[in-house]
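Guided by the hints, dock chain B onto chain A, whose structure is given.
2 protein chains.
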Amino acid sequence: MRETVDRNAVIGRVHALFSGRGLTLSSAESCTGGLVSHYLTLLPGASVYFRGGLVTYSNNAKIRLLGISPSLIESHGAVSEEAARAMAEEARRLLQTDYAVATTGNLGPGTLEGKERGLVYCAVSGREAVSSKRMVLTGNREENREEAALLALLLLLDTAESG
Amino acid sequence: MRETVDRNAVIGRVHALFSGRGLTLSSAESCTGGLVSHYLTLLPGASVYFRGGLVTYSNNAKIRLLGISPSLIESHGAVSEEAARAMAEEARRLLQTDYAVATTGNLGPGTLEGKERGLVYCAVSGREAVSSKRMVLTGNREENREEAALLALLLLLDTAESG
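Read top to bottom, the protein sequences are chains A and B. Under our numbering, the residues of the first sequence are numbered 27 to 189, in order. Under our numbering, the residues of the second sequence are numbered 27 to 189, in order.
So that you can see chain A by itself, here it is in the shape it has in the complex (with noise of 0.2 Å):
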């Protein structure tokens, strides 16, 4: 995947998208811990469409700031599709946008809540429905965190490009 996503392009691709259409996007963080925001945030006139994003890294601030049912992470665990898929559902409900696109996992090193390393699941929640994606990457956890971030930011071209 390294080799082959380019990082700039993906940006470019995100950020022609949603200025040339119209359209406004939020983010909900856990295992890119901003990064997301970060790369929807680098090129300049990105306030148009970006409202805001929130970095929930502990279960008390998926909760707190959120609004993730606490017995959802109960059930589901915080590395989850469940809790990924209603991360994007709140970012998009709290800042009024269009889409949302959420990132959870274990990057390692260890595991997490028995969640083998490098799980991530990433949602992304639209107009119409709500998708999601399930990986297992292979990198240190730097390199993990980039290529999660790289691919929610696919899986938000994706949805959002069909939709």
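Incorrect hints may have been included.
If chains are identical, the list can't say which one is meant, so a pair holds when it fits in one copy or spans any two.
[To be verified] Below are the SDA-like pairs computed for lysine to any residue, each with C-alpha atoms no more than 20 Å apart in a straight line:
hint: 1; residue 1: Lys159; residue 2: Val31
hint: 2; residue 1: Lys141; residue 2: Gly71
hint: 3; residue 1: Lys141; residue 2: Ser188
What the hints contain is simulated information worked out from the structure, not anything from laboratory work.
Below, chain B without anything else, positioned relative to chain A:
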């Protein structure tokens, strides 16, 4: 600055200080767009002290998510020392942490709210007081963002180490 401040050294110092002293931390970012929280969560174990962050890129997000008063933005602008200090105080309150770090500025290109390109304010809210700093950066947009994020972390270190 870029030649003398080592990113990993700054991140390592924050990690040692906050994990060593059992302190908690949150962030509120405008111009750095998530890069501060990305830096704060690069090292494994950051979840022990970093609770979460808000990327309030739009004025609407500053008002809706952080609870910044619209009249503060109207009087001083979102790129102001007053806004930076209010962002740090509100993040600390919302996430119930010992410290919070905030950034707001105009990274360029062009002017913003009539504020010069490269003008950045960062602020740190701690248990005792709020400290803030004004700077004018001279790099390109991406260089300015990295420099602003690191200077915010240096202000955090100065404040927390003496606190």
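- [ ] Any hints from earlier that this structure breaks? Give me their numbers in increasing order, please.
- [x] 3
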